[in-house]
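Now for the letters of each chain:
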Amino acid sequence: MEEKKYWRGLEELTNDTEFVKNAHREFVNLPNTDESDFSEPSRRDFLKLMGFSIAAASLAACEAPVKKAIPYLNKPEDIDPGIPNIYATSYFQEGEYASLLVKTREGRPIKIEPNNDASFGATTSARVQASVLNLYDDSRYKTFVENNQPLEYPAFDEEKNAVYQKKVKAIDEKIIQKLASASNIRLVSGTIISPSTQEVIKEFIKKYPNTKHITYDTPSASGILKANKKTNGVEVIPTYNFDKAEIIVSFGADFLNNWLNASTYAKQYAQNRKLSKDNANAKLVRHYQFEARMSLTGANADYRAAVKPSEEALLVAALYDKLNGGNPEIKNPKAQQLLDKAATELQNNKGKSLVVSGSNDENVQIVVNAINKMLDNYGATIDLDTPLYIRKGKDEDMLNLIEEIKSSSVDAIIFYGVNPVFTHPKGDELKSILKNVALKISFAERPDETSVLCDFVCPDHNYLEAWNDAMPRKGFYALAQPTISPIFKTRAAQESLLIWAGNNTNFYDYIRSYWKANLFGTQTKYKTFEDFWNYSLHDGFFETTAVVKDTPKAENKKDRKDEPEAKTATANISEAKANIEQSYKVSNDVELVLYETTALATGLQANNPWLQELPDPVTKACWGNYVCVSQKFAKEKDLKQEDVIKVEANGKSVELPVLIQPGQANNTLAIAIGYGRTECGKVGKAVGANAIYLATTKEDSLHLFASQAKFTKTDKKERIAQTQTHHTIMGRDIIQEATLSDYQKDPAAGRSVVKIHTSEGLKKATDITLWRGHKYHNHSWGMVIDLNSCIGCGACVIACQVENNIPTVGKKEVLMAREMHWIRIDRYYSSDAEKEDLKGLEVASEDPQVTFQPMMCQHCNNAPCETVCPVVATTHSSEGLNQMAYNRCIGTRYCANNCPYKVRRFNWFHYAEDSRFATVNYTQTTDLGRMVLNPNVTVRSRGVMEKCSMCVQRIQEGKLTAKKEKRTVKDEDIITACAQTCPTEAIVFGDMNNTESKIAKILNIKSEIKRYDDGKEEIIYTMNEPRAYHVLAEINIKPQVSYLTRIRNIDKLDKKEKKA
Amino acid sequence: MQYTSPIREPLVLQGKTYADVTEDICRQVEAAPNPRWLGAMFLSLLALGWGSYTLYRTWWYGIGEWGLNKTVGWAWDITNFVWWVGIGHAGTLISAILLLFRQKWRTSINRAAEAMTIFAVLCAGSFILMHMGRPWLAHWALPLPNTYGSLWVNFNSPLVWDVFAISTYLTVSIVFWYMGLIPDLATIRERAKNPIARFIYGAMSFAWNGSAKTWARYEMVALVLAGLSTPLVLSVHTIVSFDFATSVIPGWHTTIFPPYFVAGAIFSGFAMVLTLMLITRHVYKLQAYITLEHIESMNKIILLTGSIVGIAYLTEFFIAWYSGVEYESYCFINRAFGPYWWAYWSMMTCNVISPQFFWFRSMRRNIYVTFALSIVVNIGMWFERFVIIVTSLHRDYVPSSWTMFWPTYVDVGDYIFSFGFFFTCFFLFAKFLPVINIAEVKAILKSSSAPSVIEKEEKVKAGVKLTPSYNPKSE
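Line order of the protein sequences matches chains A and B. Note that our numbering has the first sequence beginning at 1, numbered continuously upward. Note that our numbering has the second sequence beginning at 1, numbered continuously upward.
Think of the hints as simulated: they come from the structure by calculation, not from any bench. In this text the structure is predicted, and so the values were computed from the model without any measurement. Incorrect hints may have been included.
[As the list claims (entries may be wrong)] Facing chain A, according to a computed beta carbon distance under 10 Å, are these residues of chain B, among others:
no., residue
1, 66
2, 68
3, 72
4, 154
5, 163
6, 166
7, 167
8, 398
9, 408
10, 409
[Claimed, not checked] Chain B is nowhere near these chain A residues, computed Cβ spacing over 10 Å in every case:
no., residue
11, 23
12, 117
13, 160
14, 237
15, 325
16, 345
17, 652
18, 724
19, 726
20, 732
21, 888
22, 1023
Quick reminder that beta carbons are idealized off the backbone N, C-alpha and C, glycines included.
Sequences and hints are given; from them, build the entire structure.
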């Protein structure tokens, strides 16, 4: 029987097509609500579309900031975006010479590196490192200036440029006209070591015969030059070989910091501070320092006596007497004791010692020369045959000039690379009388105290934009080449002089013709001049032992003879000694010492925020100068740190805050020069006060001290920005040290290993662990820092800052303890207190031993920072690095709190955008300043943490280079900025997995794989070098950075310094 | 079955009837704001306004507006955070643990205490947001799905545990508090003459009908929530203490922290409850409900927890010496005798010495002493967190980095912000919601404060000797 069936209607029965189509829908007449039917637009589609449109519209409304990246229209042949070009060049400023390699990216110089192929000047100090920023300083003169009115800057407008060139021509004509009518022209410069420039000056003098070239240096080496003239018959600075000296006695010469070519000396000095693995026969240099203030050199000395500046000279005389068998009386008992000891050791080390003095008194230097002669040091540690040319100025020339100007007998003056109003002790006087000179021209790169008083400023190129050459030492010729086209409308000073002398050759051709005429012939290696020139330019230097026919000689010194056979000694030592005894008296007067800081030297680079923020190696203060006084003096005179006092000497005065400096000679005040610029740009303006005017001027010499100084307290206070405010080590084993004699007995002398009591007896703290560690299959990047080599100079700090785009934050923020440096040099003074006396340990000894410890991220394997970050922004790489993902960081600062080394740095503000940092951080806030940034390193935003990355960008680059060449990474492929810059090679970076690497050899590393029960594997490194240790090893965080103990060449450690 | 002491004071005085209870408590909600309330509200808004300005600076310019530095990365921010979280603990303790322990005296104070908890935890949360360098990325601390691959939060980090702990705590507290509010909101709804008020309170009371079944469910849910909240009282501050205990910093890396922090939290929470209740009691004339008996009981808890905290301080010192770790020993010596000695001794005086007054009954029952000490205790507890955070950080391992921390006006302003926020919320609560749990007070009225109880009390006072009785009918 057929099943009973109902129909919904006739349509169903008839199978009407319309009906069948809609059969599944209940309400046919209503709009389709069936979501599964995609044939027509549904409600959901509508919602989707609407949602998308709204989202798209609102996204479009939030316009992203437009960042312009302009591609090359015509790509320069040598420039590949992303690949640096490196040029060899040379640096000579403030009497400091360095052979450089300049790294440029897309045509912009961004980093300065030492030219290690050069036999001279292959070290870069902090100032050299920082000098790249001066190029991008907005305060530079952008155009020629007439009567303080700069010409209109034409930028890239051709029409305006033509107008500009016309105006420049007009200025040149005016100058030529005035020079032609002048009867007394003076060209004032610092020491000129460029042979071609000297030719230019000669040519200028030929054209204007009534021109006199005046050379002066601050600080000058006039005394050394004159003394050598008298004792050795040659008016030169000899080459000092600190690497050949086993005993060094220095009387106030800060030879590791600023004395002559200090970074070269630092490199040599460190050679003899490196210890051989054969500990029983290990040898070290022994260094005595007699000085008034705690200099960087004094801080590194094995024996140091704090003496007043007047005593320094008397001690030199006393040493001479002592070496001659006398027994001179010295009032200062410590100096007496050390001098006796030094004299005996000098006698025993003839020909292997070196005595130097920082004095500018020719009598003192004559006696020093006599001492060195007695000790047979000439020919051994002192080389008269290859003299240094970096200081040629004679003090009397400039002093005479000032007298001439005073009497209005000079009618034209040209300042070339000098700023005497600021840097000369009589600069204030010069300032007031300069109007007596009818025509004043300056070649200043940026406004300075002298150039603003000039009628015309014809700005010179920055050294990175200019051609130049240099002969810093006999036989060593260096070239300087432009690494960028001139940014502004500047002109090489030499070209200006040539134009005024009627010669329109450009300076490049001029140098070439000089080299062709004078140097090409002295060699036989290259057949054509083009080859000779190209290779010399490529290398950056040319060395010859041949006597160059036309060796330039400083003008006005007709009798100067470089040839050693012509030496005639005329010095009378007893007369020199008598002069010393007459001019220096031990008294109770307060004496003043003026000195150059590591960062600013004479203040030329005062507008460089990197240098302003570089803490002084010893005082750890930045952004300003201050008066250093001894602890005892401060107590006696009731002076507190930061009390402003007025210091008067030689009729001049400055007001500066007090800084209490352990190790400072009692009754002395020490003030840095180079601060207190009034015209230099926004950064350096009015930072500190200028103390140079307090220096002593005698009729023919300048002395950076005053034997009678007065001070009066004011009721003002001024804060001193110090990056380290606690100065003692508190008896902690963070720095482990021993004496040489202990080291000779036991290579692990001074090491302390923390052991923990457990049920299985004493165990090393690092043997008990909760951690499973890491296993590094390929590389394991690490560092070893030799505390014996580190002299604390701070060059690494700046190198790191330049390489890693680290912001500068200004004085206010440094006072808040927020400086951003990724690497810092911790400086500790010893204390006289016993270990249990915690309060006493906080106070530095009156005459402390000083240690330096570079500190940066230790890249812990069991990193405390990594576990606490809530968002995994700091992680561990497979190559042993602790890395920061800036983008992921939300800024809880937990990692920084949990860092035992306190090396993490937080971006408290948006330093790159915040207008409050526009001045001090112009490297990141201005378009011009940003050109110095390293494109390989992110500029960090506000609110994120940052820290040492071990220059991970360089690691990547090195790995890629090796990969492209299909080989394994070698030591030379990768070097961190700090290690590269360290003049003493205290920092060694490398791969600890590579047994051939330098670091593996230094640490004598053995690695083994430890297997855990859960199958995990950990690589464990054992450092078999007995001197090697990890800071805070007992927390078992297993750093990748290790330190080598500090070994002092002293008879025994300070009793107080000995660890329990 | 419950033991009732014949000499126990009634929990509600003045022989209040059910009608009185409703009337006394609803009056504040229904009446126009009184001038004292307006004044208090004005001050709170002033604080909130000033605080909002400094908060704007903190968020606009960055954390640099505070006085922190390279060595001290946390100071007032986390001090305030821990302080506020700690204060919150009293509310949960009163409403959950005391409920489980059948402490009937809690009924008069639990509502306000719970409200305080919520506002305090919100304040604490605001410091979590404030202290971040990039607060707009705060959600990254949550394990949310994202497009960065398998990028999770770091489950090892105590800060992530904190996020979970605090958010759970806030959620449970809000649910618990609101659940308790429902019957009272219904009461207000019923009494409301204004249709708007009736609508709002009606909506808020979720159609509470007061049937026996509803009440039965209400009781059950209260019990379940009390059970859920109880471990939170212990866990939240334990986890907060892990922020410090799991680190390597001497003075932080201390196993004693969890119990010590919990005790401290209850200590400061009770003090804050007292501060607020004494003001409310006075302003709203609630002396009959919040009696000296309440105050005394709370003072006893303050005495107990204060002493626990005191023992913890001493234990820390002992362990620092006993461990033989020079950094640890130095840290504690530095706390007491270093540059921040004044913070340490403020903490000791306020937290350990001052509660000892409560050994004396007269002091426990003295409203003025109680009020003063409740503030002193919270000052002390603030210093405790400051001491732990700042004095441990400012001189840790490497002496070259040792610094001092000094607050800026923005630090102070942001703290004031939290006060402004807290009191604004609290006064709004006190005006628009019943400050005492009407339903629960009524529940104990008969058993503890009925005329017979009062009569008995009077007899005792008159010297009549009574024998204790068991009341088998009681709950």
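Hints versus structure:
no.	hint	verdict
1	66	holds, 8 Å
2	68	holds, 7 Å
3	72	holds, 8 Å
4	154	holds, 4 Å
5	163	holds, 7 Å
6	166	violated, 13 Å
7	167	violated, 13 Å
8	398	holds, 6 Å
9	408	holds, 9 Å
10	409	violated, 14 Å
11	23	holds, 42 Å
12	117	holds, 36 Å
13	160	holds, 40 Å
14	237	holds, 37 Å
15	325	holds, 47 Å
16	345	holds, 33 Å
17	652	holds, 36 Å
18	724	violated, 5 Å
19	726	violated, 4 Å
20	732	violated, 7 Å
21	888	violated, 7 Å
22	1023	holds, 21 Å
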